[in-house]
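Enquirer: Residue strings, one per chain:
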Amino acid sequence: MESGTVKTTAEKLAEKDGITFYRINSEKFKTNRVDIFFLDRLERQRASANAIIPSVLKRGCSKFETQRELEARLEELYGAVVDGGCSKKGETQIVSFHMSHIADSYTSSRDNLFDQCSELLMCILQNPVAEDNGFKVPVFRQERDNLVDYIRSRINDKMRFSFLRCIEEMCSGEAFAIPDEGYEEDALLLTPQKTFAIYREMVESYPCYVYMSGSIDDGSAQRFIEQFSQVARAGIRKVEFPDVAKTVKEVRRVDESMNVNQGKLCMGFRTNVSPSSPDYYPLVVYNGILGGDVHSKLFQNVREKASLAYYAQSVLEKYKGLMVIMSGIEQENRDKAEKIILRQFEDMREGNITREEIDATKKSLRTGIKTMQDSQGAIVDFFLSQHLSQDGEDFESMAEKLEAVTIDDVVRVAGKIQLDTIYFLKPDGTQPQEDPQAELLDEPMEGGF
Amino acid sequence: MDYKTINYDRLGETLYEYDHPTGLKAFLIRKPGYNKKTALFAADYGSIDNVFKKSDGQVMNVPDGIAHFLEHKLFEQEDGNMLDKFSKLGSSPNAFTSFNQTAYYFSCTDLFEENFRMLLDYVQNPWITDENVEKEKGIIGQEIRMYEDSPDWRIFFNLLDCLYVNHPVKLDIAGTLDSIARINKELLYECYNAFYTPGNMVVVVSGDVEPEPVFTIVDNMIKSREGGRPEKRYPDEPETLNMEYKEQKLRVSMPLFNMGIKDPVRLSGYELLKRRTALGIILASIMGRSSELFNRLYYDGLINDSFRFDVSADQSYGFVNWGGQSSDPEKVSREIRREIDATVERGIDPAVFDRIKRSHEGVFVRTFNSPDIIAREVMDAYFNRTSYFDLSRVFEELDIDYTNGVLRDLFVRTPALSVINPV
Numbered sequence: 013m014e015s016g017t018v019k020t021t022a023e024k025l026a027e028k029d030g031i032t033f034y035r036i037n038s039e040k041f042k043t044n045r046v047d048i049f050f051l052d053r054l055e056r057q058r059a060s061a062n063a064i065i066p067s068v069l070k071r072g073c074s075k076f077e078t079q080r081e082l083e084a085r086l087e088e089l090y091g092a093v094v095d096g097g098c099s100k101k102g103e104t105q106i107v108s109f110h111m112s113h114i115a116d117s118y119t120s121s122r123d124n125l126f127d128q129c130s131e132l133l134m135c136i137l138q139n140p141v142a143e144d145n146g147f148k149v150p151v152f153r154q155e156r157d158n159l160v161d162y163i164r165s166r167i168n169d170k171m172r173f174s175f176l177r178c179i180e181e182m183c184s185g186e187a188f189a190i191p192d193e194g195y196e197e198d199a200l201l202l203t204p205q206k207t208f209a210i211y212r213e214m215v216e217s218y219p220c221y222v223y224m225s226g227s228i229d230d231g232s233a234q235r236f237i238e239q240f241s242q243v244a245r246a247g248i249r250k251v252e253f254p255d256v257a258k259t260v261k262e263v264r265r266v267d268e269s270m271n272v273n274q275g276k277l278c279m280g281f282r283t284n285v286s287p288s289s290p291d292y293y294p295l296v297v298y299n300g301i302l303g304g305d306v307h308s309k310l311f312q313n314v315r316e317k318a319s320l321a322y323y324a325q326s327v328l329e330k331y332k333g334l335m336v337i338m339s340g341i342e343q344e345n346r347d348k349a350e351k352i353i354l355r356q357f358e359d360m361r362e363g364n365i366t367r368e369e370i371d372a373t374k375k376s377l378r379t380g381i382k383t384m385q386d387s388q389g390a391i392v393d394f395f396l397s398q399h400l401s402q403d404g405e406d407f408e409s410m411a412e413k414l415e416a417v418t419i420d421d422v423v424r425v426a427g428k429i430q431l432d433t434i435y436f437l438k439p440d441g442t443q444p445q446e447d448p449q450a451e452l453l454d455e456p457m458e459g460g461f
Numbered sequence: 075m076d077y078k079t080i081n082y083d084r085l086g087e088t089l090y091e092y093d094h095p096t097g098l099k100a101f102l103i104r105k106p107g108y109n110k111k112t113a114l115f116a117a118d119y120g121s122i123d124n125v126f127k128k129s130d131g132q133v134m135n136v137p138d139g140i141a142h143f144l145e146h147k148l149f150e151q152e153d154g155n156m157l158d159k160f161s162k163l164g165s166s167p168n169a170f171t172s173f174n175q176t177a178y179y180f181s182c183t184d185l186f187e188e189n190f191r192m193l194l195d196y197v198q199n200p201w202i203t204d205e206n207v208e209k210e211k212g213i214i215g216q217e218i219r220m221y222e223d224s225p226d227w228r229i230f231f232n233l234l235d236c237l238y239v240n241h242p243v244k245l246d247i248a249g250t251l252d253s254i255a256r257i258n259k260e261l262l263y264e265c266y267n268a269f270y271t272p273g274n275m276v277v278v279v280s281g282d283v284e285p286e287p288v289f290t291i292v293d294n295m296i297k298s299r300e301g302g303r304p305e306k307r308y309p310d311e312p313e314t315l316n317m318e319y320k321e322q323k324l325r326v327s328m329p330l331f332n333m334g335i336k337d338p339v340r341l342s343g344y345e346l347l348k349r350r351t352a353l354g355i356i357l358a359s360i361m362g363r364s365s366e367l368f369n370r371l372y373y374d375g376l377i378n379d380s381f382r383f384d385v386s387a388d389q390s391y392g393f394v395n396w397g398g399q400s401s402d403p404e405k406v407s408r409e410i411r412r413e414i415d416a417t418v419e420r421g422i423d424p425a426v427f428d429r430i431k432r433s434h435e436g437v438f439v440r441t442f443n444s445p446d447i448i449a450r451e452v453m454d455a456y457f458n459r460t461s462y463f464d465l466s467r468v469f470e471e472l473d474i475d476y477t478n479g480v481l482r483d484l485f486v487r488t489p490a491l492s493v494i495n496p497v
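Same order as they appear, the protein sequences are chains R and U. Everything in the first sequence is counted per the numbering used here, starting at 13 for the first residue and increasing by one. Everything in the second sequence is counted per the numbering used here, starting at 75 for the first residue and increasing by one.
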């Protein structure tokens, strides 16, 4: 009752002036999608500007001068989506834009939605509403305020906040400490002109990757690619990869008090494994055994055996060579939890790994690789990640690499991983006991790849 | 094997339906070309079902959070935890409890049949002990503590507390530390025996699998059990609000607000789908991203990108709500109320109605990209006595007169406002 798997590939259509175009064709999705990624080195002087650019561009273009007109147009196009954002992978900042629409066969008008939606996407990207070599002042100011609000609101989600603080402390002085959207004080110094100049740099000189996904014919793909020639490209920037090697001299401890109920423990590690190293796949298996899933040592020992936490997991930051272990616990259980976690870490080093643990992990990773191919967004993220890590593997060969990992490989990698920083978000005791509330879904956060 | 095949040509989807002699319904949505296969086994039983009449006539009143507690406990089996067993096959199991449903599911790429048998087996065979009940209290306690610190959840439940005087939808799904302390093995079995009967359950499979083997497994594995659907009892809920305003202080960067209106109209089946869809269109036309109101508030810096609206409509409760971050929740609240009044007065513009309806139909088509979303929606619609696929018909039949009728009926009511202020 199982049927054969169709190979998912990114077909390179063109490469010109630092822009590479790919097509990922598949008939199974209801939607067509375009993703555009501009890459930049993660640097403080441009980080906040890069973050604000997509928000300002979404506010209108020469054809649809206001956000309201743009949104109404997207509704007419059967709920099409045009969006943008900013994130980091390692020490690379990525300004991204995407468009998606339902395939023509599901519409009553049978319009050519791909052409119409991609025209809209290119309009906001290439023809923003500008004046005096800058973005329009009120629009720019609103988006700058929104960015500042967004940066400040990191504190609202305590789990994510403590994770980010742990990284910030651990990588203090390194580019990776810069948050995805930069800093509040830098955002406040931006002007419409300065930001517009960085926007021009982005379209003219940032390395760019473009993916077209769905069922897109040659004619549509070519017409889309041609639209990029409207902008002259020159002096394409180089984006380099960070050195992941780091010897930890002394483990740092950072405690911060806040009026919260639950304490958040985050332990940051240096893996000393780069994404292009042969040790990378053993590291992925290592992380899976330690804290990647419900069968993992952390879930089993911190949650199931000791009942100390609802979540206990580890995640990798692939490009910077980091691993972070996270758990939400009562303050009085802190030492106990830390001890259990470090025991699991030691067990990995000592090779106390069962055949069942490695098998379950490898199977789960294999399932993950296959199911990624059922989401257009995940497929694109996979191929972009492979470019960034300069790893030539496709879905199939990656699965084979993971399959070949042995317990010995995992133990070898375990020997390289070093604890760097222990961050604890500590309840300060002022939060009154409230009637508790609950989530619907019993799903621990998923481990990263 | 006797099952129904229904083709939805316009959506390019096929639905298979099977009726088990015990009264259990099974569905399959085929997804050719997908690697992921997912199966869900769910009971029409959620956090709001704390008072019910058993088949022997006895009325039970059980502690808050017990449906969710039971969901955690079903993973435990005499020979180990089900999470481990699924893991050994490389699949990922999970479960959720909502106000009105408890669902167990897994997704896998290989060995679908083994996984599927395991799912049907463990949900039908609980193994609850005094010891494992006590152990779970620590874990669920931390789950509860985690959500105490979540502003988004606090603001939502505070809003429900404003909207509802009596209805248990206002109670925490996981209960409280006090209520879970009162849960024991005997009570869990009482709830299990009352609600986990085939007539009160559904199986939904989605993925690239054939109907025949799926339904054969269902046929062989579903055991006949005493009791049909237990009688659920909900208190009378007045049309008035419990309170108009509730505020809490938490460590947040700026105020959050959430507003809502309680819908007193109780429907089920196709009419429920239709009303839900109309409510979604009404909200989008008043405060969606293409509306004058949204853009004015955004331009004035009173709301930002975090602004959202939502419709929740079920057989025993219904409400609409909206909110996000704002430097001035009171002012936003006034502006939104004024715009709602104006829209009620003039009705929705026909061109806007057509455009938003078309957009929402596109969003409906998109859901078929995800086997997980489809399985969940098919389950939800079945428990509400309709079919998710009937949304296609709703989009054909829904007109502006009906929608304006709903607008004038519901949006004349006073909304409640829930606010989280920074400490």
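Derived from the structure by calculation, the hints contain no laboratory data. Please note that the accuracy of each hint is not assured.
As the list claims (entries may be wrong) - With a Cα cut of at most 30 Å, we get these calculated DSBU-like pairs of lysine-lysine:
| no. | chain 1 | residue 1 | chain 2 | residue 2 |
| --- | --- | --- | --- | --- |
| 1 | U | Lys209 | R | Lys348 |
| 2 | U | Lys320 | R | Lys438 |
| 3 | R | Lys28 | R | Lys348 |
| 4 | U | Lys244 | R | Lys348 |
| 5 | U | Lys244 | U | Lys259 |
| 6 | U | Lys259 | U | Lys211 |
Enquirer: Quickly compare the C-alpha distance for Lys259/U and Lys211/U to 30 Å and report which way the hint goes.
Expert: holds (12 Å)
Enquirer: Check whether the Cα positions of Lys320/U and Lys438/R lie no farther apart than 30 Å.
Expert: holds (28 Å)
Enquirer: When you check the alpha-carbon spacing of Lys244/U and Lys348/R, does it fall within 30 Å?
Expert: violated (36 Å)
Enquirer: Regarding the pair Lys209/U and Lys348/R, is the alpha-carbon distance no greater than 30 Å?
Expert: Status holds; Cα separation ~17 Å.
Enquirer: Just to be careful, I want the Cα atoms of Lys244/U and Lys259/U compared with a cutoff of 30 Å; is the pair within it?
Expert: The hint holds at about 26 Å.
Enquirer: Check the hint pairing Lys28/R with Lys348/R against an upper bound of 30 Å on the C-alpha distance.
Expert: Not satisfied, since the Cα-Cα distance of roughly 57 Å exceeds 30 Å.
This entry does not satisfy hints 3, 4, going by the numbered hints stated previously.
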